[in-house]
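Just so you know, the sequences run in chain order G and C.
If you count the first sequence from 1, position 131 lands on 131 in this note's numbering, and the numbers rise without skipping.
If you count the second sequence from 1, position 97 lands on 411 in this note's numbering, and the numbers rise without skipping.
Since the hints were derived computationally from the structure, they do not count as laboratory data.
In this text, a Cβ means the ideal position worked out from N, Cα and C, and glycines have one as well.
You may find that some hints are simply not true.
[As the list claims (entries may be wrong)] Facing chain G, a subset of chain C residues (Cβ under 8 angstroms, in silico):
(1) Thr388
(2) Ile424
(3) Ala426
[To be verified] Some chain G residues flagged as far from chain C (calculated, every beta-carbon gap over 12 angstroms):
(4) Leu109
(5) Ile150
(6) Leu246
[Unchecked claim] So the derived label-pair ranges between C-beta atoms look like this:
(7) G:Trp9 x C:Gly452: 48 to 56 angstroms
(8) C:Asp480 x G:Ile301: 45 to 53 angstroms
(9) C:Gly337 x G:Leu287: 55 to 63 angstroms
(10) G:Trp9 x C:Thr372: 34 to 42 angstroms
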Amino acid sequence: MMALIRNEWMKTFAKKSSWVYLAAIILAILIGGIFYQKMGPDDNQNWQAESQAELASLNTQLNESSEMDRRWLESRIEQLEYYLEENINPNAKNNWDFMNEVVIGVSALVTLFVVIVCSGNVAAEFSDGTIKQLLIRPHQRWKILLSKYISVVMYSFLLVSVLIAAGYLIGLIMFGSGDFNTKVFEMGIDGQKVSEAGPQFFQKIIFYLPSLLMIMTISFMLSTLFKSQALAVGIGIFVLFFSSTLGGIIVMLADRFAWAKFLIFPHLDLTVYALQDEILGNITLPLSLAILGVYYAAFMIITFGFFEKRDISI
Amino acid sequence: MSNYALEVHSLTKKIGKKTIVDGVSFTIEKGEIFGLLGPNGAGKTTIIRMVVSLINRTAGEVIINGHNLDESFTEAMSEIGAIVENPEFYKYMSGYKNLLHYSNMAIQKIPAERIQQVTELVALEQAINQKVKTYSLGMRQRLGVAQALLHNPSILILDEPTNGLDPQGIREFRDYLRQLTEQGVSVLVSSHLLSEMQLMCDRFAIIEQGKLIHISTMNESIGEQEQAEREVTFETSNAENALALFKEAKFVNEIKAIKGNFITIKMDKESIAKANRLLVENEINVYEISSVKATLEDRFLELTNKEKVGQTL
Ligand SMILES: Nc1ncnc2c1ncn2[C@@H]1O[C@H](COP(=O)(O)OP(=O)(O)OP(=O)(O)O)[C@@H](O)[C@H]1O
Ligand SMILES: [Mg+2]
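All chains should be built: construct the whole structure from the sequences, respecting the hints.
As structure tokens, this is what we get:
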């Protein structure tokens, strides 16, 4: 088994694209860093006076604004008051702010690459015809497929590690070392809450990993079933970008039909749990994880069961 | 241990309602080169795919060196080295890395020198560190042979192995197969290149429309034809007189063609000598007697045509 995984690893890194994806992530963080530095208010020493002035103008606006604007204004006022009270410069940026706001956004790119790599891994063996040379070896088919699965999981986690490491280093160089527990405001559906940038970042990453594993498994399954990378990437990206939209529809459905809560889409993005404790009314994190677990098992059984039986006639 | 390198018992493959391979059985002895012959679409590749477990069998058994493919898959598969149709490689890796990849998949560890050894054997030393995408068809085929031999298999299963090889390569390949069989390795080879098979195989089976219709040793098959009539061309000094003589002679059945001093007639082996004597006795000079040698091709066409006639009746 180790030899099989080593082989897959060798093939992964013999492909140029595997290196391109790694480089692209670093590049994206770099670009994100430049924008993060250019955009946003300056980090000046007069922040207290400026905050006071903004607070005053917001308070006057509050009286003459519509219901919609009022909520936003109120939360902004709350933020400013909090900063003044705690004596935190709201405009100061450090590497943990950067991690929590920008680097976490680049994880979407990681997911995209993971979808491409996972669908490509099996599909390319079929389209190049190399699958037949692979399956005439003294190894059970499921072992060969499992070695491929493990290798894409390893590659995906390498991408995530590169994201974190490069994010940290680039943040450190561009914004300097900051307090791991820097206070930040996060907007959730239940309103805003104060949290700490570093822990918040890692919490988001931890919530991101199960969704990544699910997307990975779905792409892997599709490419094994359809032998076509294009189709697998297409459906994978569709699931990726529409799961939030579908999630929204399902929220409405779930009001009427209890079963809608058990569809996979609202559970794919667990990062919402970093901001709130319950989704769809009464679904909590452990329940979401259990639902994902059931889907995961089903996808794996379908993938391996199908591959074990299929005729290879290329 | 079994006496046979490969036993195939009533192998059948159905896809949908179509029967692609129908109850094919044969055995291959150790050190034997066994050919699968058949026209395009006969089912040769399908048989080979079932033997190497790329596709499921609808029915039938495959036993490799005494290991049943269903019961001891790993043991059975580690005895096999195979090329199925065109060998495909990871184009983005070098030939060497491709071989390394397959050597890692062997059950018994393959020493590093072995890769070097097979590379030399297929004369790819020059190109082995280039990416496979730069290889020509013949070079890929050579790499395919190298890949099949890498783990010293006891049976080689080769589907059209000489496809794309140059004459030199084909000859070396044939010689190497002979050498291997002396070490007890058996070979199952499929082709529709009949002349090729004639030179290569000890025994062969003819497959047509999924059925095994004939099986015999190469010598038997061609030997049977010794007695059959064949076309013989005589070059003489006087075609007119020769023709007159032939027409009278009892042993000449049919005069096929006359062209200048060449006369082509149909007769059996003994009659050739009689015809020659007849001409010489009548003071006609004989410069050349040539017969179209009975080839596997004739045999093959004869057998497959007979089958067709049989079916239309
Ligand atoms: N997956 C499939 N579905 C349906 N029919 C198939 C399939 N694979 C092969 N066949 C049919 O089975 C028959 C045998 O095909 P096969 O490839 O075994 O022929 P072959 O003897 O190797 O021919 P060739 O000399 O051209 O290589 C063909 O008629 C082909 O159309
Ligand atoms: Mg074929």
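So which of the earlier hints does this model not fit? Violated hints: 2, 3 and 7; rest satisfied.
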